[in-house]
Amino acid sequence: KAGVTQTPRYLIKTRGQQVTLSCSPISGHRSVSWYQQTPGQGLQFLFEYFSETQRNKGNFPGRFSGRQFSNSRSEMNVSTLELGDSALYLCASSPFAGGQNTEAFFGQGTRLTVV
Amino acid sequence: GQSLEQPSEVTAVEGAIVQINCTYQTSGFYGLSWYQQHDGGAPTFLSYNALDGLEETGRFSSFLSRSDSYGYLLLQELQMKDSASYFCAGFDDKIIFGKGTRLHILP
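Sequence order for the protein chains is Y and C. Residue 89 in the working numbering sits at position 89 of the first sequence, with consecutive numbering throughout. Residue 9 in the working numbering sits at position 9 of the second sequence, with consecutive numbering throughout.
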């Protein structure tokens, strides 16, 4: 069974640009959650999508948005990039929605560098 | 708000036992889980506690006390490959992670 696939693995953008990251969950999983990971801050929850609907959103500005397609693949978009957006962006795939899961399966992440 | 607190770093000796604590301030967590992340890698699932008590998986054990809003991960017979960051995570309507504990292992 293929794991969670995130593309691209690395990205360099300049301030003010926008970026789109992609996540393909494990086949059959309908929930995709996105996290931002920076040194010393752990994994900060961005949002969760389940069956093409955003179920939850973390405390991030509106520049961060996402969507989920009918095949459960998800994209995350960050507009008007700032230097502080440099981070590892991880997506996690689970079969059920939110707290109904006991385990999340992570992709390798996309390392975004904003210069 | 929801938050999970864990020590930022822990150091132990190869072959020894180490405990990583996690306390949380939230209501309604369904359970507590633990993840391991090596440098440059993805977090990987270690264990999940839905009920109070100890869950054992090989060299790793995890404990939960709901009344104390507290849990811990116990690693036995430490090996150098256990050097990594360990995250506790709480489950309610979403999965919230602590900031992680960096485990350093000395030979």
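By construction, these hints were calculated from the structure, which means they are not laboratory data. Fair warning: this is a prediction, and the values are worked out from it, not measured in the lab. It cannot be assumed that every hint is accurate.
What the hints assert, rightly or not - Some chain C residues judged to face chain Y by a derived CB distance under 8 angstroms, without partners named: (1) G15; (2) A16; (3) P43; (4) F45; (5) R59; (6) F60; (7) F63; (8) Y70; (9) Y72; (10) S83; (11) A84; (12) F91; (13) D92; (14) I95; (15) I96.
Unchecked claim - As a list, the in silico EDC-like pairs of lysine to aspartate or glutamate whose alpha-carbon atoms are at most 16 angstroms apart: (16) Y:K57 / Y:E82; (17) C:K99 / C:D39; (18) C:K94 / Y:E82; (19) C:K99 / C:E14; (20) C:K81 / C:E14; (21) Y:K57 / C:D93; (22) Y:K13 / Y:E82; (23) Y:K57 / C:E14; (24) C:K81 / C:D39.
For each residue, glycine too, the CB sits at the ideal point set by N, CA and C.
Each hint tested on the structure:
1. G15: Violated - the Cβ of G15 (chain C) stays beyond 8 angstroms from chain Y, reaching only about 29 angstroms at its closest.
2. A16: Because about 25 angstroms separates A16 (chain C) from the closest Cβ in chain Y, which is outside the 8 angstroms limit, the hint is violated.
3. P43: Interface hint status for P43 (chain C): holds (5 angstroms vs cutoff 8 angstroms).
4. F45: It holds, given that the least Cβ distance between F45 (chain C) and chain Y is near 5 angstroms, below 8 angstroms.
5. R59: violated (19 angstroms)
6. F60: violated (14 angstroms)
7. F63: violated (16 angstroms)
8. Y70: It is violated, given that the least Cβ distance between Y70 (chain C) and chain Y is near 18 angstroms, above 8 angstroms.
9. Y72: violated (17 angstroms)
10. S83: violated (17 angstroms)
11. A84: violated (14 angstroms)
12. F91: Cβ of F91 (chain C) sits 5 angstroms from chain Y, so the hint holds.
13. D92: Since the shortest Cβ distance to chain Y is 5 angstroms, the answer is holds.
14. I95: holds (6 angstroms)
15. I96: At about 6 angstroms, which falls below the 8 angstroms cut-off, the nearest Cβ of chain Y leaves the hint on I96 (chain C) intact, so it holds.
16. Y:K57 / Y:E82: violated (20 angstroms)
17. C:K99 / C:D39: holds (15 angstroms)
18. C:K94 / Y:E82: violated (27 angstroms)
19. C:K99 / C:E14: Since the Cα atoms of K99 (chain C) and E14 (chain C) sit roughly 24 angstroms apart, the hinted pair is violated (cutoff 16 angstroms).
20. C:K81 / C:E14: Holds, at about 10 angstroms.
21. Y:K57 / C:D93: Holds, because 11 angstroms separates the two Cα atoms, which is no more than 16 angstroms.
22. Y:K13 / Y:E82: It holds: about 10 angstroms lies between the C-alpha atoms, which stays within 16 angstroms.
23. Y:K57 / C:E14: Violated - the C-alpha atoms of E14 (chain C) and K57 (chain Y) are around 41 angstroms apart, more than 16 angstroms.
24. C:K81 / C:D39: Since the Cα atoms of K81 (chain C) and D39 (chain C) sit roughly 11 angstroms apart, the hinted pair holds (cutoff 16 angstroms).
This entry does not satisfy hints 1, 2, 5, 6, 7, 8, 9, 10, 11, 16, 18, 19, 23, going by the numbered hints stated previously.
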